[in-house]
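*Asks:* Taken in sequence, the protein lines are chains L and Z.
If you count the first sequence from 1, you need to add 968 to reach the working numbering.
If you count the second sequence from 1, you need to add 945 to reach the working numbering.
Keep in mind the hints are simulated off the structure, nothing from the lab.
Where hints are given, some of them may not hold.
To be verified - Label pairs and their calculated CB-CB ranges: (1) Z/Gly1290 / L/Asp1088: 45 to 51 Å; (2) L/Arg1157 / Z/Val1362: 51 to 57 Å; (3) L/Ile1125 / Z/Thr1435: 45 to 51 Å; (4) L/Glu997 / Z/Pro1372: 42 to 48 Å; (5) Z/Leu1366 / L/Glu1306: 32 to 38 Å; (6) Z/Asn1443 / L/Glu1105: 35 to 41 Å; (7) Z/Arg1361 / L/Arg1048: 22 to 28 Å; (8) L/Gly1229 / Z/Gly1247: 57 to 63 Å; (9) L/Gln1233 / Z/Pro1372: 55 to 61 Å.
Each residue gets a CB set at the ideal place from its N, CA and C atoms; glycine is no exception.
Below, each chain spelled out in residue letters.
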Amino acid sequence: MSNSNHDDIQNEVVPATQSETQVNLPKSELPVHVLRRADVDPIAAARAERQVAIMFLLSAVFTVLAVVSFFAIPVDLYIRVPGPGVTSASNFALGITLGLAIFLIGTGAIHWARKLMPDDEVVQSRHGYSSSREIRESVMQEIRIGGEESGFTSRKIVRRSLLTAIAVLPLPAVILALDFGPLPQNELRETLWKKGVRLVTDPTGRYLRPEDFSVGSLVSAHPENLKEWEEENHNLNARAKTSILVVRMTPEQLRTSQGEGWDYQGIIAYSKICTHVGCPIALYEHRTHHLLCPCHQSTFDLADSGNVVFGPAARRLPQLPLGVDEEGYLVALSDFQEPVGPSFWERG
Amino acid sequence: MSQQVTRGAVDKSIDGTVKYLDDRLSTSGFIKRNIKKVFPDHWSFMLGEIALYSFIILLLSGVYLTFFYKPSLVEIVYDGSYLPLKGIKMSEAYASTLEISFDVRGGLLMRQVHHWGALLFVAAITVHLLRVFFTGAFRKPRELNWVIGVGLLVLAILEGFAGYSLPDDLLSGTGLRIASGIALAIPVVGTYVSFLVFGGEFPGLDFIPRLYTIHVLLVPGIMLALITAHLMMVWYQKHTQYPGPGRTNENVVGYPLMPVYMAKAGGFFFIVFGFLVLVSGLVTINPIWKYGPYMPDQVTAGSQPDWYIGWLDGGTRIMPNWEITVPGMFTLSPNILIPAVVVPGIMFTLLALYPWIEQWITGDKRIHHILERPRNNPNRTALGVMSLVFYGFLWISGGNDIIAQMLNLSINDMTRVIRVLIFITPPIAFIITKRICLSLQHKDRERLLHGDPTGRLLRLPNGEFIEVHEPLSDEVKAILLARTELPMLTPPAEVDANGVKTPNLWVKKLQHRLNRWWYVDQVPMPTAAELTAAKAHTLHELEDAQERGIEIAKDLPSPTKSH
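Assemble the whole structure, with the sequences as input and the hints as a guide.
*Replies:* Here it is in structure tokens:
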């Protein structure tokens, strides 16, 4: 911190030669300090003082109002305010009063500093950061000597065994992380769908029949066994995979399908989970049969095997083969034939 | 000021405290050195302050929120006072966020202060970073503090995303679904990473409690340590200052900490805080009750992340659907990895290393305390604008569905156009910015040599018309002359004096070439001789004008007194 070696430092750390313009840098002084009104006029000073005091006092008033509104306004009261619209009265009142109470302390302090505190610019000299050559070299020497004394450099066996010990020490950390969750088995390839599982609507849980579908209508559906599974497992993992979209098309509209006989009288079902990063796909355009993911705009053509027509998704939506059971309800003919949702390394 | 005649209670308590602390911790030396520490004054120096104050406000409001929030994905049936969701199944996390919003007095206000504060925090960091970049404040000796700053930006973005995800509403759950999709895309270990992070399949029950610890303890702890280091470095190295009269590389000009900066900085904290509370009282942010609880099979149209995630989401949206599959072996997803991992990785790495990159090209190892005007380093300024244009297109793409809807455009066309523009426009922005900087350098040179035109024409006896120029004020001159030029690097020698081949010659050659490119267009500063000659000329011109009875301007400094 001492500046005693300042000249020495300067010579050491500024090796670059300056062009001659540097020589011409004006040694100009600070601009002349202009006195403010409040510096020369006692009336102006008194006014500034008054203004500051008013801001501080107003702040106190708003604090009291904030306390009052906390108690006086019920938390479930809603009011219509021009601008924000219908809003929580308590939130509105607390925000305004507390905000102003805090804000006015700030403006008061700054007004005080600007009008009444000294505003002469002050010059301080900077210090060099580099220590003197002797100190630096003695530090380097100390470190070297310390290293030698410890034997870290000379005693190879000690050094290498220590480095080995440290190198393997992170291993337990990795092992501990292995119990952060179950390791992946076959979860990403299986869903609750299987042969004969009925399609139900969400959330009413009504079984779907072919008659429920007019041409062009789109319905979001689940397997009938999802409800039971969720009651047992208390998580949403199955829901994140099983959700499907069911749509009916005329045979002329339905150009291709992922498998022969996977539709039932033009009723087809695709996974609702985007093959990009897994958002549920929700926006369907009847005219084009395009299905758009609202997250990243991947677009799939349901009339053409669910193939990607636009966007960052690389894979078609997996199709669920459909049929009807003996009671006339729509059922899956099997599970999906390929994993649903985002790609993963082992997917192959 | 006057001699201590009577000593009041305040004096006594001051004396007592100083003595008490000094007897035990010898604090007086430190206080003596620092109590009058000078800070330069400029509006742009307040940007970092805003970031700091938002962080403090985030800590305060965040602690309050932890008293009510329950980091749990256990499913319950909502029975709170928000009627539209009554009887609906949801996680405890979402239900407790609803409770904060509807059943706790001042809870919604604190939640909104926290959210608005987070948006302001990242915004202030970003603009502060741009100020530091474009004025060259990161140059030696402040490179290390620059890296800390970049680290803080990355942590702030992560922290923001973590906080955004905690309420477990439909929007934030969709964000996590995307995060899990990105984790799955990591080559080789992606599936394992995803399963370990989420405690099994997505969404599982483990992630929100884990994220909570990261959000309220781990990341803020690291940030607090880094912010402390950041401020200590600023304190020790002293603040940079803009060029101006009396400002040199060896001094710092401004106002003392006690009392002016204490009042100004302290007051500004209250202004930022008060502003955030006012906005939170007036403008709803993140109305999670409108989105509903997270369901992995539901989504809303027009899903938008917070502004600072927009560029990452945007990159993911405009990326072509490249995917590499070797059947039976593996699937690699560049369509996800490039925008979500590779591009941000490259951008933050370049950003963190920039001080050393520039230093390597310029060979500038000098200490800099005077900020550089952006025009005086055209390449840096142009690189900055170029990066901003690239970032800007990524960011716009993050809202491409909303923009397309508002402007009635086809979203597909818009995406295709941006895929092209994002590569074409940054270089154009570079060239335009660089040219503007160089033109401004020309203008500065002109002004230094000839002064400012007055708009008064003078006809000389020989019939020639000249325009009378007035000399620059000391203030302006000090700013214009503050530019310091460095000589270009000399070409590297192929062999040294002993005939030994220079190692890594191609690296040195590349450095030399870049150095040439960096400086070759630079408009030279007027030399001392040129300035002297120009001054004589201006004086002569003014005398000429005066002789002919033309008064230049009364408030101008007299030409004879100027430098």
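*Asks:* If a hint holds in the structure, say so; if it doesn't, say that too.
*Replies:* How the hints compare with the structure:
{"no.": "1", "hint": "Z/Gly1290 / L/Asp1088: 45 to 51 Å", "result": "holds, 49 Å"}
{"no.": "2", "hint": "L/Arg1157 / Z/Val1362: 51 to 57 Å", "result": "violated, 39 Å"}
{"no.": "3", "hint": "L/Ile1125 / Z/Thr1435: 45 to 51 Å", "result": "holds, 49 Å"}
{"no.": "4", "hint": "L/Glu997 / Z/Pro1372: 42 to 48 Å", "result": "holds, 45 Å"}
{"no.": "5", "hint": "Z/Leu1366 / L/Glu1306: 32 to 38 Å", "result": "holds, 36 Å"}
{"no.": "6", "hint": "Z/Asn1443 / L/Glu1105: 35 to 41 Å", "result": "violated, 28 Å"}
{"no.": "7", "hint": "Z/Arg1361 / L/Arg1048: 22 to 28 Å", "result": "violated, 44 Å"}
{"no.": "8", "hint": "L/Gly1229 / Z/Gly1247: 57 to 63 Å", "result": "violated, 38 Å"}
{"no.": "9", "hint": "L/Gln1233 / Z/Pro1372: 55 to 61 Å", "result": "holds, 57 Å"}
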